[in-house]
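A.B. asks: Next come the chains, spelled out residue by residue.
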Amino acid sequence: MKRFVADLHIHTCLSPCAELDMTPLRIIDEAVKKRLDIIAISDHNSAENAGIAMKIAEGIGIKVLPAMEITSYEEAHVLAIFDSIEKVMGMQEIIYKNLPNGINDERLNGYQVVVNENDEVLGFNKRILFGATGLSLKAIVDAIHSFGGIAVASHIDKEIFSVISQLGFIPDDIAFDALEISYNTKRQRAEAVFGAYKAIPWITSSDAHHLNDIGRRTTSFFLEELSFEEIKMALKGQRKLQWSNGLIK
Amino acid sequence: MLKVNDIIEKIGLDIRVSGDMYKHVTGCYISDLLSDVMAHSKDGELWITLQTHPNIVAVAVIKGLSCIVITNGRLPESDTVKKAESENITILTTPKTTFETAGLLYNLLRSE
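Protein chains in written order, with numbering that gives the first Met the number 0: chain A, 0 to 248; chain B, 0 to 111.
These aren't lab readings, by the way, just hints derived from the structure by calculation.
Treat the hints loosely; a few may be bogus.
[As the list claims (entries may be wrong)] Estimated spans, in silico, between C-beta atoms of each pair: (1) A:Ala198 x B:Val60: 19 to 27 Å; (2) B:Thr25 x A:Tyr110: 44 to 52 Å; (3) B:Ser85 x A:Asn211: 45 to 53 Å; (4) A:Ala198 x B:Glu84: 25 to 33 Å; (5) B:His23 x A:Asn100: 42 to 50 Å; (6) A:Asn115 x B:Glu84: 54 to 62 Å; (7) B:Leu74 x A:Val192: 31 to 39 Å; (8) B:Ser85 x A:Met0: 41 to 49 Å.
Built from N, CA and C at the ideal position, the CB exists for glycine as well.
Only chain A is shown next, with the shape it has when bound in the complex (with noise of 0.2 Å):
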């Protein structure tokens, strides 16, 4: 088995709550420089910089999988990761179906920049993105694995926007892959307070809105080889996945 480290959430630009400079290049560069094997491009409720991430990383040894970072009804944030643009797209058009109407407010909220392969500005969303969809967190979930995508419940030691924040504790019936825990949170503490959810495979990342941060979390993954299947079967149990408190190799 070789060791893969990856950090599987990471917001670009078109986050409105990001840096201006987190365009996918040099998100890119940053993950090489910070030897980073598979990185996740999840932006709040869109995928729109994700396929120029994978693009710009073809052939340098990094595996870039198209995320998002879905808000359902109830104010939980859910990381939803795919194999595929094509599929990330469908997922997408779902959510972009169930956002609330209107425009997004770039002086209150921050601009959501589309950009290229070379950090020139290609448009700018309009969608209020940081808003909640009107899709339940199961009905979120369900979305994704008829994708075939990754669920994981976002930061649930966060005291907003968490699953646990927002209903109290994990609901039996909605299947997570996996729970992540925030750069805010020691393993040591993750453990007294969340062990009653060990059934479920932990991950950390770095929710990284400024460069500066990718990388600070990152998740060890033990597989035959780079695939995306095979993270899948290390979050079934069949392949080891390991971390702590931010190191990286």
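Got chain A sorted already, so can you dock chain B onto it with the hints?
C.D. replies: Same frame as chain A, now just chain B:
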């Protein structure tokens, strides 16, 4: 002390699930973060929320709340209704906002 059925009658709430209608309402707690309700609500309180997920029933059971009031015209999910029926938890709804509902309830509880 007012009971759940008194409150329904006096401030006009729609019954979605009738549990123990004779439970005493000791006060009110308002929050849409279930983690916060678990931490701070008290036994016998009426809980006003916008959340409609089945977990609201579990929180009401664990905390001994007298009933759940869902505001703003939102309705409980079908699984929430089923769970409330089996746990004997009253769920009420209203088209009024949380502010209006709380105001009516505040005056009512104060007048007792």
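A.B. asks: Going through the numbered hints above, which ones does this structure break? Give me the numbers in ascending order.
C.D. replies: none
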